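Turn these sequences into a full structure, and let the hints steer you where they fit.
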Amino acid sequence: MEWLLSGFAAAAALGFSARWNWWRGKVSGLPVLMYHKIGTPPPGSKLRSLWVSPENFRKQVAWLLRNGFNPVTFSDLAAYAHKGAALAAKPVLITFDDGYRNNYTHAYPILSELGAKGNIFLVHNTIGTHNAWHDPERESWVPMLTWEEIKEMQQSEVMDFGSHTMTHANLTQVSLDSAAWEARESKLRLEDKLGREMACFAYPYGAGAFVPEIRKRVLEAGYLFDFSVRQGISPWPWDINASALKRLFIRGDDNMLDFNLQLTRGKSRF
Numbered sequence: 000m001e002w003l004l005s006g007f008a009a010a011a012a013l014g015f016s017a018r019w020n021w022w023r024g025k026v027s028g029l030p031v032l033m034y035h036k037i038g039t040p041p042p043g044s045k046l047r048s049l050w051v052s053p054e055n056f057r058k059q060v061a062w063l064l065r066n067g068f069n070p071v072t073f074s075d076l077a078a079y080a081h082k083g084a085a086l087a088a089k090p091v092l093i094t095f096d097d098g099y100r101n102n103y104t105h106a107y108p109i110l111s112e113l114g115a116k117g118n119i120f121l122v123h124n125t126i127g128t129h130n131a132w133h134d135p136e137r138e139s140w141v142p143m144l145t146w147e148e149i150k151e152m153q154q155s156e157v158m159d160f161g162s163h164t165m166t167h168a169n170l171t172q173v174s175l176d177s178a179a180w181e182a183r184e185s186k187l188r189l190e191d192k193l194g195r196e197m198a199c200f201a202y203p204y205g206a207g208a209f210v211p212e213i214r215k216r217v218l219e220a221g222y223l224f225d226f227s228v229r230q231g232i233s234p235w236p237w238d239i240n241a242s243a244l245k246r247l248f249i250r251g252d253d254n255m256l257d258f259n260l261q262l263t264r265g266k267s268r269f
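Residue numbering for the sequence shown follows numbering that gives the first Met the number 0, starting at 0 and increasing by one per position.
Think of the hints as simulated: they come from the structure by calculation, not from any bench.
Given the structure is predicted, the values throughout are model-derived calculations rather than measurements.
Idealized CB from N, CA, C, for every residue including glycine.
It is possible that some hints are incorrect.
Listed next, with one range per pair, are the computed distances between beta-carbon atoms [claimed, not checked]:
1) 58 x 174: 39 to 49 Å
2) 240 x 39: 35 to 45 Å
3) 127 x 187: 17 to 27 Å
4) 235 x 211: 16 to 26 Å
BS3-like, lysine-lysine: derived pairs with alpha carbons at most 30 Å apart [as the list claims (entries may be wrong)]:
5) 82 x 150
6) 82 x 192
7) 58 x 89
8) 266 x 58
9) 82 x 215
10) 150 x 192
11) 58 x 150
12) 89 x 45
13) 82 x 58
14) 58 x 45
15) 45 x 266
16) 215 x 266
Here it is as structure tokens:
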């Protein structure tokens, strides 16, 4: 009986949470979706929340388009910063952290088919290798994008790219000089390889986004926009002096109610 009561209590709590967030006021601004891996987690993975199935990803992108959202790119943000070029009405940024190969095999075809656009934050030194920063006891290593795949997606204009440092370092656990190097060197090398400005930067683990001395060095490297993992929707137009842009973490177990709440309230039911 105790387990049954506990189950009812948990369900009631989730229901209350969902209702509470539903009745929160709608939030305006620039929603930035944060994905990691698109596909099926390897057996025994303890990082399943970072995996969104291709089926759910397709449903989510279709929902965005059906509800009038216009996916924009990092290049669109750069054009806004440099020239004042307005973003499309009801803009949304679809972002992927790290640069996994499954972004190419699963997300890219879906975005292409639906006529949407995405953006990938690349970890320079892991391109063509695997995500060695993950503990293999929590999840087996996953292949990363190759330069050939990155260039194909860039040429298609379906995917755009930004920096996620050289090595996926936690910038709060290295020296300020090392943090500056991670931001600056990744920007220079990606620009040299891809022939395009890297205007956008995401902090690995979100670490350092709200540490003034670290954020100062990221912006001094020449980035026009920096992205945290703080949950929410930042106002648009955005004030670079205020804080790094917030994002909406799309979890593997999110349902469409969660997705709706994220885009309209800046929070899921969790």
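Structure-based check of all given hints:
1. 58 x 174: 39 to 49 Å: Check passed, 44 Å falls within 39 to 49 Å.
2. 240 x 39: 35 to 45 Å: Cβ of residue 240 to Cβ of residue 39: about 42 Å, so the range 35 to 45 Å holds.
3. 127 x 187: 17 to 27 Å: holds (19 Å)
4. 235 x 211: 16 to 26 Å: Given a distance of about 23 Å, which is inside 16 to 26 Å, the answer is holds.
5. 82 x 150: holds (26 Å)
6. 82 x 192: Cα-Cα ~25 Å, so holds.
7. 58 x 89: This hinted pair holds, its Cα atoms lying about 19 Å apart.
8. 266 x 58: This hinted pair holds, its Cα atoms lying about 19 Å apart.
9. 82 x 215: Holds. Residue 82 to residue 215 sits at ~23 Å (cutoff 30 Å).
10. 150 x 192: holds (9 Å)
11. 58 x 150: Since the Cα atoms of residue 58 and residue 150 sit roughly 27 Å apart, the hinted pair holds (cutoff 30 Å).
12. 89 x 45: violated (35 Å)
13. 82 x 58: This hinted pair is violated, its Cα atoms lying about 34 Å apart.
14. 58 x 45: holds (24 Å)
15. 45 x 266: holds (23 Å)
16. 215 x 266: holds (28 Å)
Checked against the numbered hints above, the structure violates hints 12, 13; every other hint is satisfied.
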